[in-house]
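Starting from the known structure of chain A, fit chains B, C and D onto it as the hints suggest.
Chain by chain, the residues:
4 protein chains.
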Amino acid sequence: MKELDDLRQRLRHFAAERDWDQFHSPKNLSMALSVEASELVECFQWLTEEQSCNLTAEQLAAVTDEIADIQLYLVRLADKLNVDIPSALNQKIAKNEAKYPADKVRGSSKKYTEY
Amino acid sequence: MKELDDLRQRLRHFAAERDWDQFHSPKNLSMALSVEASELVECFQWLTEEQSCNLTAEQLAAVTDEIADIQLYLVRLADKLNVDIPSALNQKIAKNEAKYPADKVRGSSKKYTEY
Amino acid sequence: MKELDDLRQRLRHFAAERDWDQFHSPKNLSMALSVEASELVECFQWLTEEQSCNLTAEQLAAVTDEIADIQLYLVRLADKLNVDIPSALNQKIAKNEAKYPADKVRGSSKKYTEY
Amino acid sequence: MKELDDLRQRLRHFAAERDWDQFHSPKNLSMALSVEASELVECFQWLTEEQSCNLTAEQLAAVTDEIADIQLYLVRLADKLNVDIPSALNQKIAKNEAKYPADKVRGSSKKYTEY
Numbered sequence: 315m316k317e318l319d320d321l322r323q324r325l326r327h328f329a330a331e332r333d334w335d336q337f338h339s340p341k342n343l344s345m346a347l348s349v350e351a352s353e354l355v356e357c358f359q360w361l362t363e364e365q366s367c368n369l370t371a372e373q374l375a376a377v378t379d380e381i382a383d384i385q386l387y388l389v390r391l392a393d394k395l396n397v398d399i400p401s402a403l404n405q406k407i408a409k410n411e412a413k414y415p416a417d418k419v420r421g422s423s424k425k426y427t428e429y
Numbered sequence: 315m316k317e318l319d320d321l322r323q324r325l326r327h328f329a330a331e332r333d334w335d336q337f338h339s340p341k342n343l344s345m346a347l348s349v350e351a352s353e354l355v356e357c358f359q360w361l362t363e364e365q366s367c368n369l370t371a372e373q374l375a376a377v378t379d380e381i382a383d384i385q386l387y388l389v390r391l392a393d394k395l396n397v398d399i400p401s402a403l404n405q406k407i408a409k410n411e412a413k414y415p416a417d418k419v420r421g422s423s424k425k426y427t428e429y
Numbered sequence: 315m316k317e318l319d320d321l322r323q324r325l326r327h328f329a330a331e332r333d334w335d336q337f338h339s340p341k342n343l344s345m346a347l348s349v350e351a352s353e354l355v356e357c358f359q360w361l362t363e364e365q366s367c368n369l370t371a372e373q374l375a376a377v378t379d380e381i382a383d384i385q386l387y388l389v390r391l392a393d394k395l396n397v398d399i400p401s402a403l404n405q406k407i408a409k410n411e412a413k414y415p416a417d418k419v420r421g422s423s424k425k426y427t428e429y
Numbered sequence: 315m316k317e318l319d320d321l322r323q324r325l326r327h328f329a330a331e332r333d334w335d336q337f338h339s340p341k342n343l344s345m346a347l348s349v350e351a352s353e354l355v356e357c358f359q360w361l362t363e364e365q366s367c368n369l370t371a372e373q374l375a376a377v378t379d380e381i382a383d384i385q386l387y388l389v390r391l392a393d394k395l396n397v398d399i400p401s402a403l404n405q406k407i408a409k410n411e412a413k414y415p416a417d418k419v420r421g422s423s424k425k426y427t428e429y
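Chains as they are written, first to last, in the numbering used here: chain A, 315 to 429; chain B, 315 to 429; chain C, 315 to 429; chain D, 315 to 429.
Bound conformation, chain A alone (with noise of 0.2 Å):
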C-alpha cells in the first residue's frame, strides 16, 4: 500500500518537526487511538441505528473528522512498531476466513464478536 506508506512518511515529518516524538510512545499511542475511536462513539451514543445510516451532512463531517484521526494514530502507531499494514491486514484476513467460514456462520450474530 504505496499511498499507507506515503502517510507514514508525512507524519513522521510532522511529529518530528513538532518535536513530538518523545510523546509518541505506543503505549501513549494506544490510548490516544483509542481516545478518537470513542470521539466517533460519541458522534453515534444517542442515534438509533437506522439515524446512523442516514446522517445529516454535519453530523457526517464530524463522523469523517474521526475517522481520519483514527486512520492517522493508527499509521504512526504500525510506524513505530514497524508493523506493515498490509501483511497484518493479509493475515488477519485469511484467519477470519478461517475462523467464520461463510457456509457455516451465515446471518449468525451469536459467533460474531469480531471479523
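Source of the hints: derived by calculation from the structure; they are not laboratory data. Misleading hints may appear alongside valid ones.
Where chains are identical, the list cannot tell them apart; a pair therefore holds if satisfied intra-copy or between any two copies.
Quick list of in silico lysine-lysine cross-link-like pairs, DSS-like style, CA-CA up to 30 Å [to be verified]:
{"#": "1", "residue 1": "Lys394", "residue 2": "Lys418"}
{"#": "2", "residue 1": "Lys394", "residue 2": "Lys406"}
{"#": "3", "residue 1": "Lys406", "residue 2": "Lys418"}
Same frame as chain A, now just chains B, C and D:
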C-alpha cells in the same frame, strides 16, 4: 489509495457472503471499532512506556492483530458511510498543520491533545 | 458513602497483598478502566437497543461482571488520587442541573451529549 | 450501599424530568459510559506515569469530573438492568481472590490483566 479500496471491496464481499450487513450499521461498527481499540490498549496497560517500545515477539504479534482489526473496521465503517479515507486524511492533515504550526508548538505537550 | 469507602479499603488491601501498587499509576488505571468499559460495550455491540433491554440470563451475568470491574477500577483510581467520589458526584449533578434545565431540554437529544 | 441507591433515585428522577428515558437503552448507556472512560484516558495520554501521580489542581479537577461522569452512567446503567452494584462487587472480588491468590501472583504483572 487503491489498496484501501481493494480492502473495502474484500470486506464488503466478506460481509455479504455471511449475511452480516444487517449488523453493520454505522452505530454498531463504531462500537466494534472502539472495542478493538481497547484490545490494543489492553496490550499496553501494564507496560511502562519504555517496555512498550521494546515488545517481545508474542506481544508484537498481539498488537499487530489488533492493528489489523482496527483497520478492518475503519474501512468497513467508511464504506458504509461513503467516506473516502484518503480525502478525509488530506483534509485533516491540512487542518492540523494550521492548528499546530511547527514553530509554535515545538516540544509542547500542552496544546497537544490530538493530531 | 461508607460503602464506597469500605470498597476502597478492600481494594487497597488486595493490591498491597499482591504487590501491585507498582502497576497502579493513575495513567495505567485509567487505561484498565477504559478497557473494562469496552468489554461492557462488547456485550451490546451486535444487539439492537430493544434486545439490550431484554438480556438473557447469560448476557446479564456477563454485563454484571463488567459493571463490577468498572466500579472496582473507578474506586481504585479515585483512591490513588485522593478523589472523594460522593463529593465529585454532588458537584457534577449540581453542574448538570444548571447545564440541562429540565424545562428547557425536555425530550431533546440534541444538546444531550453527557449528563 | 444506601448511597449508591440514593444516587440511583436521583438519576432516575433527573432523566424522567427531562424525558430522557427514551435515549437510555442499556446499549446507548454502555456507549456513553465508554466515552466518559476515554475522556478520563485523554487526561493522562501524554503524561508520564510519574506525572499522572502528581497532577496539577487543574488536571485533578478535570479527572474528578470524569470520575463523576463514569460513576453516574454506571449507576444509571445498573438501574436500567436491575443490577445491584454491591452484590456484583462482592461476587467479583470473591472471584478475583480465587483467580489471583496473593501468594502466587505477588509482584507479577504477567497474569495481571484485570482485577
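We went through each hint and held it up to the structure:
| no. | hint | in the structure |
| --- | --- | --- |
| 1 | Lys394 / Lys418 | between (38 Å within a copy, 24 Å between copies) |
| 2 | Lys394 / Lys406 | both (20 Å within a copy, 21 Å between copies) |
| 3 | Lys406 / Lys418 | within (19 Å within a copy, 35 Å between copies) |
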